[in-house]
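Undergrad: Using the sequences and the accompanying hints, generate a full structural model.
Line order of the protein sequences matches chains A and B. Residues in the first sequence are numbered consecutively from 1, following my numbering. Residues in the second sequence are numbered consecutively from 1, following my numbering.
Careful: at least some of the hints might be erroneous.
Only pairs whose alpha carbons sit at most 30 Å apart, straight line, appear in this in silico DSSO-like list of lysine-lysine [stated by the list, open to error]: (1) 331/B - 129/A; (2) 303/A - 143/B; (3) 23/A - 303/A; (4) 129/A - 204/B; (5) 251/B - 150/A.
Some chain A residues near chain B, calculated using beta-carbon distances under 8 Å [stated by the list, open to error]: (6) 124; (7) 136; (8) 138; (9) 153; (10) 323; (11) 325; (12) 329.
Hint data in this document are derived by calculation from the structure and do not stem from the laboratory. Every residue, glycine too, gets a C-beta built ideally from N, C-alpha and C.
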Amino acid sequence: MFYREAGDFHTTYTSDSQTFPIKFDRYRYYVVLAFAFLVVPFIINDYWANAIMLPFLIYAIAAIGLNILTGYCGQVSLGTGGFMAVGAYACYKLMTAFPEVSMFVHVLLAGGVTALVGVLFGLPSLRIKGFYLAVATLAAQFFLLWLFNKVPWFYNYSASGQINAPERTVFGFEVTGPNAAASTTYLFCLVFCVISALVARNLTRGTVGRSWMAIRDMDIAAEIIGVNPLRAKLSAFAVSSFFVGVSGALFFSIYLGAVEVGEAFSIQKSFLVLFMVIIGGLGSIFGSFAGAAFLVLLPVALKVLGVDLLGWPTDIVAHFQLVIVGALIIFFLIVEPHGLAQLWRLAKEKLRLWPFPH
Amino acid sequence: MSEQFVFALEVTLNGLMAGVLYALVALGFVLIYKASGIFNFAQGVMALFAAMTLVGIMDGQVPFSHLINAIFGTDLHYFGWNVPALLAIALTVCVMVLLAWCVQRFVFRHLVGQEPIILFMATIGLAYFLEGVADLMWGSEIKTLNICLFGESGCLPQGINETIDAVTYEWFGYGFFIDNLDITATIVAAILVVALIAFSQYTKQGRALRAVADDHQAALSVGISLNFIWVLVWSLAGFVALVAGIMWGAKSGVQFSLSLIALKALPVLMLGGFTSIPGAIVGGLIIGVGEKLFEFAIGAPFLGGATENWFAYVLALVFLVFRPQGLFGEKIIERV
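TA: This is how it looks when you write it as structure tokens:
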């Protein structure tokens, strides 16, 4: 009823192979984009920006990055926190070294630096597979954190060992520091998030994406039919780390403002992003958004429910959150290993047939 | 004999002791991986859960007391009794067996036949779940673990071993600092390994366990119950987790960081190979000695210290590049 492709004829190859071939889908997507760009900036306030929108957008970028590596290329990584830290520290060094350059450039360059580091730590993936690789990426996580903790050059020899984002602008609008307006920071992150999603979506349905998926499904078979595993795996590591680095840079400069590396980018962060990808759906860009939204909203919702409504102590609510997240992950793996994205697909399928399911 | 050499010798000895403790955690991993192909990330949290349960039972804490107080507005904390250590250990073993049954019944029975990576992620979920339950049950504050087996005697010894100190002072003119607890842990680990090997070689269940590890379907066809074996294996892993939890808990207090030893056990497994019990022990010793010696020789003097955080992983990484299946692992054969 709502969701029909009847009467929706494609006359060119381009229109047939676009991201949203169904008209209803396409308009919904435009409406969401228009709402996000034109309406939300005028109604957003500090609480909504800091508690929900900024973490959601930033984690969505990180989840897209990890989804490319784990969901599309099949290489499990537990080093996301470490790569986010690379993005944050690269951004910090660039911000302090070139104050006059736009933040936009800094964030992109930080992503580039992270991509290089990602390729370096991706090299062992050519020999090591499966669990062994997952554990090997822990080496990146712990080594990078230690490096940023111990080498004073990275935090500009500050006494506390923290890094603090100085005030920087984009087109004359302040985006970092305490005086940045909620709507500017939101728009800045939103631009990155939308671009990331577009790039990721188009990469994954092109040649590169196909070679990633071939490697994921069976790497030896892929090699035999002519996919170069070196290029496929390393490009997956590079692209994935680029997104993760961008999200780390935004996480530090826009969202937190000040970072202590051991706290902000610990192994817990790696797991959090991995959970977003699992709950959202491995190998789905929409899933990355759904997973990020879910795990950002869950603690907020639990806090509102437990602390504000029921009056429970915060530590009990925090423990409950662990229990619920753990149970949900197991639940999703049992009931729907393809995550929220698959539920969404099923819902769309149902909508197409409604109200005549037979 | 130079002073540096004597120091290095002491560091090596301490590294060996630490390695034994790593191996103790790694053993639990190997047991489950061999029998069911599940890479159990929750092993560290199981150690935490076991140690917290043990302390909670010994102190007579009311389980979920914080939660009950928050919901019903009561003020419960303790039953007001103390359970003797042996009984408490027995009760904790029962709890771990129950846990093993629940894990098998509610999680992995539904995931039979899934890809290994899905099972691995399920155990990460299990780790979060268990951690939350442990904190809800017993509270998240740091607890001290003092175990005395027979009333006042038979306690876990703590502090420097005087004999070794005196003997080495006589030999080298410098007394080694070796913790009594580490020595005990080494002895316990040795007993545990011998017991495990004896169990798997000489008992009916042990043979069934090895059969399942070899080939699930063949084992099924000769009438071995897979469900029973998996519950058994998870119980054994729970028991190993309890022993590891007691040793680590007595060493550094029962607290959240206990669950992080699972992360330390991972490079041990990679080095030793996921499927080999001797591998877990040798890997543990190599990692223990390696990280302590590296910190002593290079980390502390030149790199600003705290290299123990990452050295094990990097060592395992470099090692795996040359031998992807670990030291004692089965050769990886891939077919298209």
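Undergrad: It remains to establish, for every hint, whether it holds in the given structure.
TA: Now the hints, each set against the structure:
no., hint, verdict
1, 331/B - 129/A, "holds, 13 Å"
2, 303/A - 143/B, "holds, 27 Å"
3, 23/A - 303/A, "violated, 39 Å"
4, 129/A - 204/B, "violated, 35 Å"
5, 251/B - 150/A, "holds, 27 Å"
6, 124, "holds, 6 Å"
7, 136, "holds, 5 Å"
8, 138, "holds, 5 Å"
9, 153, "violated, 12 Å"
10, 323, "holds, 3 Å"
11, 325, "holds, 5 Å"
12, 329, "holds, 3 Å"
Comparing the model with each numbered hint stated earlier shows that hints 3, 4 and 9 do not hold.
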